[in-house]
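Visitor: Listed in order, the protein sequences are those of chains A and B. Heads up, the first sequence is in the working numbering, so the first residue is 1 and it goes up one at a time. Heads up, the second sequence is in the working numbering, so the first residue is 1 and it goes up one at a time.
Among the hints, a few may not be true.
Said to hold, decoys possible - If you want the ones that stay clear, here's a sample from chain B, every Cβ over 12 Å from chain A, calculated:
#1 Glu27
#2 Phe71
#3 Met109
#4 Ala172
#5 Glu191
#6 Tyr297
#7 Ala301
#8 Leu416
Stated by the list, open to error - Derived CB-CB ranges, DEER-like:
#9 Ala122(A) - Asp178(B): 47 to 57 Å
#10 Arg125(A) - His262(B): 54 to 64 Å
#11 Val51(A) - Asp178(B): 33 to 43 Å
#12 Asp178(B) - Gly29(A): 54 to 64 Å
As the list claims (entries may be wrong) - Derived contacts from chain A toward chain B, CB cut-off under 10 Å, selection only:
#13 Ser30
#14 Ile34
#15 Asn67
I should point out that these hints are in silico values taken from the structure, not numbers from a laboratory. Remember, it's a predicted structure, so these values are computed and weren't measured experimentally. Glycine included, every Cβ here is placed at the ideal spot set by N, Cα and C.
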Amino acid sequence: MQSDIGFLVIFMPVLYAAILLAYGLSFFGSFPTIDRIKTPLLIGTVLVHCVYLALRTLAFDHPPITNLFEIMTVLAAAIAVGYTYIELRTKASTTGFFILSMAFGFQTVSSLFIRNQYDIPAYLRSMVLGFHVSAALLGYTAISLSAAYGFLYLMLYHEIKSSRFGLIYNRLPNLEMLETMSHRAEVFGFVALGIAIVIGVLWLPRVFREFSYWDPKLVGTLVIWCLYAAELSAKKRLGWQGRKTMIISLVAFGFVFLSMTVINLYLSGFHSFH
Amino acid sequence: MNLFSIGISHHSASVDVRERMWLSADEVRSALARLKERYFHECVLVSTCNRTELYGIGTGPAVDEAELTRFLIDFKGASESVQGSHFLPAHATGAVNHLFKVASGVDSMVIGDIQILGQVKDAFTLARESGTLGPIMNRLMQSTLHVGKRVRTETSICEGAVSVSYAAVELASKIFADLSRKSVLLIGAGETGELTLRHLVGKGVGHVKIANRTREKAEALVAAMGGTVVDYERLVDALCTVDIVVTSVNSPTYIVQPDDVHRVMRQRSHNPLFIIDIGVPRNVNPASRKIDNVFLYDIDALSAIVDRNLQKRTAEIPKVTSIIRQELVEFLRWHNSLQIGPTIQEFREALEDIRVQEVAKNVNRFKPEDRELLDLVTRRIVNKILHQPTTVLKQGGESPGRDSENIQRVRALRELFGFSGNGEKKNEA
């Protein structure tokens with residue numbers, strides 16, 4: 001099993017590079033064969049990724065959520081699964097190159113630095129923690145997807161407004177669909193983050209003696225959650241639509257990215273496990 | 001191959017000449033029946049508003065172009081306005097090449113016209129129903145449809161709107177996801193405006209509203225297309241309730257100002273508004289374009305889209321030509337293989353005839369007990385003579401890329417041994 005995992009650590013980024021290449025070629029050029037095989041290839045990659053995660057869980061006797069690089073591969077898988085779901089639902093496969101490049105990035109960084117870790121505290125084997133971390137990861141993945149669709153929306157918006165019709169115009173789905181995708185992903189992310197926060201606040205104080213409500217990760221996530229709550233309610237109550245909301249989404253995501261990077265890298269609390 | 005084609009198209013004749021030569025489905029059926037009776041083993045007639053073309057496999061070695069032209073003109077009773085010089089002929093490979101070009105849209109008036117493939121398909125269906133589609137035309141039809149399909153999937157020659165009204169519809173479908181849930185307001189009842197509205201309705205736009213200075217005109221249009229009439233004086237209010245606006249009013253001043261649009265956008269919670277201004281002079285102040293979620297296009301912007309799309313289509317022609325070349329080679333290869341078989345058979349039959357004749361002539365010179373041997377020996381001689389040329393011909397037919405060599409061999413053999421025709425008849429039987 002060890003050697004299988006070792007192989008998959010190297011093989012996963014190669015697979016993601018291959019699907020990225022396929023989606024890139026089919027976005028920027030015209031290759032009927034690649035158009036046909038890219039979705040099966042993506043589904044295959046997602047399955048292999050699931051096998052990889054399952055093998056890691058079995059081999060090291062804990063879900064792969066105990067350190068940053070384990071989390072990154074889970075994040076990559078979550079993005080790939082989320083995108084596959086969207087592609088199969090909407091039949092629009094042209095956004096794949098942009099979304100999957102995030103999965104490729106996370107998987108590559110993860111594969112470069114990931115270590116085989118057997119030695120972890122007992123609380124990290126808990127199922128409740130599994131739910132907590134899964135919900136948080138799903139939440140952040142959905143928010144990332146929402147931002148990616150927001151970004152594509154703005155690119156297309158700009159092309160249509162300025163009458164410069166290029167690849168983006170030809171290949172992307174319409175503005176309304178991009179907006180809907182972005183919005184749905186945001187709502188999903190908001191709910192998932194809410195669940196993560198509730199589980200965390202109820203469960204964490206019982207397990208960690210050093211638990212503090214001023215933990216940076218908790219505060220950061222709460223701020224982010226409130227930000228999205230405000231944005232979603234503004235959309236609903238004030239009827240905000242189109243370009244402005246997409247910019248707000250992107251700004252919010254920028255804040256998420258910055259705050260999470262700073263919190264993970266520079267601030268430490270009970271909430272970091274690596 | 002004695003495939004022959006003759007036709008009239010926008011290259012050779014103006015619309016008033018072409019329309020005189022247009023044939024309805026019934027006319028095509030009756031013309032095909034007569035053509036088969038007089039001139040062709042197999043024939044197909046393609047008739048659209050831009051072309052009327054006849055493709056056929058002649059019964060004789062050569063087809064009389066002038067006679068066929070006369071037949072077609074007389075059939076339509078159009079000798080006053082149509083002349084023989086309006087028709088352009090093509091032969092053999094040239095005719096196949098022409099048909100492939102027609103089906104792929106590169107020969108169309110507007111490059112990449114997507115309707116033509118369907119019309120060609122219909123023409124072949126009519127020919128099949130009329131019993132004028134034999135094995136060669138049948139194969140030609142398959143190849144033609146294959147060319148059309150490849151051109152559509154492998155090139156982008158059919159992509160992009162090439163008329164102002166379609167460009168507007170295309171833009172609408174890049175902004176909105178589901179047009180059936182959107183509504184459109186037509187201001188003014190100009191021709192292009194109405195055409196754009198018709199295209200939008202064709203694309204399934206949910207609701208139509210029409211405003212016009214003369215209310216009766218708007219009412220007449222609503223009667224024809226459905227929808228509701230809106231007061232021309234309350235135009236700006238109507239903008240709050242629709243998603244797409246098509247305006248083509250004759251007015252010296254702007255009928256919609258940026259302030260109006262600002263107010264409208266606030267009222268409609270910044271729901272995207274797509275304005276197609278085809279009025280000249282323009283109806284909507286272009287400064288409105290700067291407002292968020294407002295997509296304003298005037299006639300020049302739309303024409304620019306059309307021009308760009310046409311350029312893109314033109315740039316795809318080399319790809320199409322290359323597909324046509326590949327399919328042409330494939331068709332010719334099939335056609336040659338068709339000829340090799342019958343030629344070998346004829347060759348064999350010719351030598352066998354000679355052998356039988358000579359044996360019959362001289363059989364009495366042999367003793368009765370030797371006659372069986374005589375038959376055997378002569379048969380062996382003939383088989384030995386046949387062996388080498390037959391093998392070479394068969395090998396040539398099986399190896400790709402040697403079509404011209406094969407044609408030469410078959411032709412030389414037929415000439416040297418005086419075989420008539422071209423071997424196609426045998427395969428048809």
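Visitor: For every hint, state whether the structure bears it out.
Guide: Here is how each hint holds up against the structure:
| no. | hint | in the structure |
| --- | --- | --- |
| 1 | Glu27 | holds, 39 Å |
| 2 | Phe71 | holds, 43 Å |
| 3 | Met109 | holds, 24 Å |
| 4 | Ala172 | violated, 9 Å |
| 5 | Glu191 | holds, 24 Å |
| 6 | Tyr297 | violated, 8 Å |
| 7 | Ala301 | violated, 5 Å |
| 8 | Leu416 | holds, 47 Å |
| 9 | Ala122(A) - Asp178(B): 47 to 57 Å | holds, 53 Å |
| 10 | Arg125(A) - His262(B): 54 to 64 Å | holds, 60 Å |
| 11 | Val51(A) - Asp178(B): 33 to 43 Å | holds, 39 Å |
| 12 | Asp178(B) - Gly29(A): 54 to 64 Å | violated, 29 Å |
| 13 | Ser30 | holds, 7 Å |
| 14 | Ile34 | violated, 13 Å |
| 15 | Asn67 | violated, 42 Å |
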